[in-house]
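Novice: Listed below are the residues making up each chain.
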Amino acid sequence: MEVNPPKQEHLLALKVMRLTKPTLFTNIPVTCEEKDLPGDLFNQLMRDDPSTVNGAEVLMLGEMLTLPQNFGNIFLGETFSSYISVHNDSNQVVKDILVKADLQTSSQRLNLSASNAAVAELKPDCCIDDVIHHEVKEIGTHILVCAVSYTTQAGEKMYFRKFFKFQVLKPLDVKTKFYNAETDEVFLEAQIQNITTSPMFMEKVSLEPSIMYNVTELNSVSQAGECVSTFRSRAYLQPMDTRQYLYCLKPKKEFAEKAGIIKGVTVIGKLDIVWKTNLGERGRLQTSQLQRMAPGYGDVRLSLEAIPDTVNLEEPFHITCKITNCSSERTMDLVLEMCNTNSIHWCGISGRQLGKLHPSSSLCLALTLLSSVQGLQSVSGLRLTDTFLKRTYEYDDIAQVCVVSSAIKVES
Amino acid sequence: MEDARGGEETPAPQAPHLPPLAPAEEQGLLFQEETIDLGGDEFGSEENESASEDSTPLVDKLNEHMMESVLISDSPNNSEGDVGDLGQVREEAEPRGEGDSGPEPAGTPSPTSEADGDCAPGDAGEDEAVAPGSGGAPRQDAAPETPGSEAEAAHPEQTPPAADPVPVCTIFSQRAPPAPGDGFEPQMVKSPSFGGTSEAPARTPPQAVQPSPSLSTFFGDAAASHSLASDFFDSFTTSAFVSVSNPSAGSPTPASPPPLAVPGTEGRPEPVATRGPQAAAPPVSPEPFAHIQAVFAGSDDPFATALSMSEMDRRNDAWLPGEATRGVLRAVAAQQRGAVFVDKEKLTMPGLRFDNIQGDAVKDLMLRFLGEKAAAKRQVLNASSVEPSFVGLKQLILWFVRLALLVKLGLFQNAEMEFEPFGNLDQPDLYYEYYPHVYPGRRGSMVPFSMRILHAELQQYLGNPQESLDRLHRVKTVCSKILANLEQGLAEDGGTSSVTPEGRQASIRLWRSRLGRVMYSMANCLLLMKDYVLAVEAYHSVITYYPEQQPQLLSGIGRIALQIGDIKTAEKYFQDVEKVTQKSGGLQGKITVLMNRAFLYLGQNNFAEAHRFFTEILRMDPANAVANNNAAVCLLYLGKLKDSLRQLEAMVQQDPRHYLHESVLFNLTTMYELESSRSMQKKQSLLEAVASKEGDSFNTQCLKLA
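Respectively, the protein sequence lines represent chains A and B.
Each residue of the first sequence is one higher than the one before, starting from 1 at the first, in the UniProt record's numbering.
Each residue of the second sequence is one higher than the one before, starting from 1 at the first, in the UniProt record's numbering.
Among the hints, a few may not be true.
[Stated by the list, open to error] Here are a few chain B residues that face chain A, going by a calculated C-beta distance under 8 Å:
| hint | residue |
| --- | --- |
| 1 | Ala404 |
| 2 | Phe449 |
| 3 | Ser450 |
| 4 | Leu454 |
| 5 | Val533 |
| 6 | Tyr545 |
| 7 | Leu553 |
| 8 | Asn605 |
| 9 | Asn630 |
| 10 | Tyr637 |
| 11 | Gly639 |
| 12 | Ser663 |
| 13 | Glu675 |
What the hints contain is simulated information worked out from the structure, not anything from laboratory work.
Note that the Cβ used here is the ideal one computed from N, Cα and C, for glycine as well.
Sequences and hints are given; from them, build the entire structure.
Specialist: Given below as structure tokens:
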């Protein structure tokens, strides 16, 4: 097994280099003043150094580009670029050269060569160049397979290939959290963490909503008529930094009315993230579809359409409730009961008939109540009974109101 | 090879100086198949047709190939992977249990951070720097028995062993604690198919290069002369200045920020001053100084002239001593003949810390690759090539010059050790007032302002940028105070001595420019710390001090934005530059504008347009090294290796003195490696060219010969 086949010199040499963006040369400024002993010496040295900035030699970041020094890291969503050079090291003309570059991932094999045509001949000390690009779409092991076939002057067909293996890493950590508002709105918080080792400029982090929702991005504020990012000048993420984005999703009208549709697990949409690093190296990722468990409303949903946030102690106030029949095919006949709690007192007749409610339809109901206790009070004590099934649904902690002493004027 | 198969020896993923994708040496295996089975189920894909008959041997051959790639990745750190973090990476690189014919790990490209350059010292040290460090054998000179020798002798033992983990400067290893369980759900990010999660690549702690401190002569060795002003100056008469140690110790690699070597505090020599609480008296009587004064009295001696008080001196030397120092100085002034005893700890006892002959890395390489004959031609300046005249002296005297040169050579540790005795540059004996008999009436600090800057900046190259910032802020405070004094009609030090209006204006100009210089250093330091927001702010404030540099500074800020990836902000700054230069005009302005446009195209991944603009600059300024080099770099990205090489070679041949710059050489050697298997010959001819031109501060790493 360990015996190598006899070595054979190939006439062509294959070289591969990953092309990440070049970097800017930084120099170490050492200066002195005219009056110091070296006089102008150090400053003259810096002026003569071609890597310093003409007229601003102390500026560390120069303009000189240097080629990448190492393979670096490659991250999911970035573009893998590579220079492939096949050089004729021999002193004879080589014919019918075919260079083929494939990328083998854990799931597929892709051909990356620009052209698959053979080159008729290659003179000594000449080379065939190819720059390949591939947007990396998988995490884990990738193998670049470069195959070269050619014919020697003697007519012998030769073939060799080389393998270059690299790992594709994950650049971002994304975490999400949903908040269900009392209305039908859903708020999405997304935390995005840079888990690479270099700063990352977030060019775009947007939520592409599913067809049921409209989205509002809450990541900028209006300042003097201008839209300013909440991240201000910190447009970039340092390694391991996390940033939080907020989105508000509203069901589209056609879906909102058919409340039954937004039920159980629903697809909210996906995050689309574009970032850039050194000299504009670009990366792009999408999350998988974000799913949210819609709060279960049972057969009959009671939601609030209107409620004041602050009310006076012992003064009646009004709320508007919306009652929706969420069942798919059952018509209900509902009776409303209102039970007082320690603080909340309902005004009006308890046990009134609300009439028949058809599936997926709703009715609005204005109710009056007052609170006898100050502070933040929970509105509780509504009971709906479906007389067909003799089933009672309880609605407590529907909403909160702030109850203040009537001495304080409540702005309405 | 066996190692690689065992899977234990995947190289430490760092190969900063070889493009790790550099190909393996060809084994000359003739494969008949178009494709191979890359590993059972995992890799089983559409093209399995050839695998069935011959799969086992093929996989073996494949392994050999990939192992070859291992060799190429060629990390100097290819050892047991003593750096813990690499372990994770290694595991990732070796997916196990993929069935018997699973692909074996090969040249795992290095998941190291490419930008912050912490890899540099590790591999820089490989050949040369390690020698002094691990050798550790203290070169005990037959030095005079100075009181400091015990303290000094202890250092070599304290040099941290190579295996010790080096503390990483916190600024550079910002790692947020994992987010607490706060109800957030992790989300998968994906392109079509999603493989498992992967760990964030761990950072390798930067390796500190520790030159072995060696005991050396202290020139002010005995108590007899400890507080003479001449101590400060006579170093050039008593010791050979050129003796510094290895040039590659801690020298930075091109294109990366300087190594973040963190000097282990244990390796740092004790300041000499902590020898004991002996007290030292400042000059007690004028008699012993008579001869010194006589020396300085010679008016035609420029050196003496420099030391006599003048308005210019007052302006330049002004400094505000700290509280304690001010007390001592006041006491000295009050009783010139009385014995003012100063705790010796508070005095400055500078000393040369390195007197081993400095190596010449270029010559070493020549010996290795070009033979003795060629190496003999190599000439570097040394002590004997400096004229013993004043002109020669001028280049070597004074501590500032020595320290500045150490920094220029990249010998940051050495510079730090020699800076140590100067403390915070505020000891009483660093003020003229301390020597009322030598400098009657003269006030201010002997420490050149540039030395304060150097003292502050040095720390950032040693991996302590925060300390640099602290020191710079202290300098800034004094500068601001002096400026405030001047603007209130007082003298620099807040006194009421009369200053002519012209003198005052000149002084204000000087101190404003010094304040600007401090801001510049702060901005550079912040840039090094990657605190881009603050760095940009600091560069903005530099513009107020150096308005003539506005186009360059705005362009620089634009390049910072470009480096982060913020193309839009870069564009905005570049547009500002265009507005500014439209007013001023001139060739330099035009070049700046074109350069910026080219960079913007680079940021948009448009190398063809970038090349066009760099070429445009060359039409206006054919000698522009930056445009020349950058155009060549663009050509490479456009797939024109030969053209790129031709351009760079032509440029270097045209004017080697000017163009043989580290960055150009680095690009050249990188391309030679890509061009053919015979890059060695070409690199060696570059070495010959370098040998005739560069001094010993040359960074040989850019030739990638080692």
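Novice: Are the hints correct? Go through all of them and say.
Specialist: Hints, one by one, checked against the model:
Evaluation of the Ala404/B hint against chain A yields a held restraint, the C-beta minimum of about 5 Å falling below 8 Å. For Phe449/B, the interface hint holds, the least distance from its beta-carbon to any beta-carbon of chain A being 6 Å, beneath 8 Å. A distance limit of 8 Å between C-beta atoms decides the matter here; for Ser450/B the minimum to chain A is near 4 Å, and the interface restraint holds. For the restraint placing Leu454/B at the interface with chain A, the shortest Cβ-Cβ distance is roughly 7 Å, inside the 8 Å limit, so the hint holds.
For Val533/B, the interface hint holds, since its Cβ comes within 8 Å of a Cβ in chain A; the closest pair sits about 5 Å apart. With a least beta-carbon distance of about 11 Å to chain A, the hint placing Tyr545/B at the interface is violated under the 8 Å criterion. Among the interface hints, the one on Leu553/B holds; its C-beta lies about 6 Å from the nearest C-beta in chain A, closer than the 8 Å criterion. Because the beta carbon of Asn605/B sits about 6 Å from the nearest beta carbon in chain A, less than 8 Å, this interface hint is met.
Contact between Asn630/B and chain A, as hinted, is supported at the beta carbon level, the nearest pair being about 5 Å apart and thus within 8 Å. Proximity of Tyr637/B to chain A holds as hinted, the smallest CB-CB distance being about 6 Å (cut-off 8 Å). Given hint, Gly639/B at the interface with chain A, holds; its Cβ is 4 Å from that chain's nearest Cβ, closer than 8 Å. Contact between Ser663/B and chain A, as hinted, is supported at the beta carbon level, the nearest pair being about 4 Å apart and thus within 8 Å.
A least Cβ separation of about 6 Å between Glu675/B and chain A falls short of the 8 Å threshold, and the interface hint therefore holds.
Hint 6 alone, counting from the list given before, is not met by this structure.
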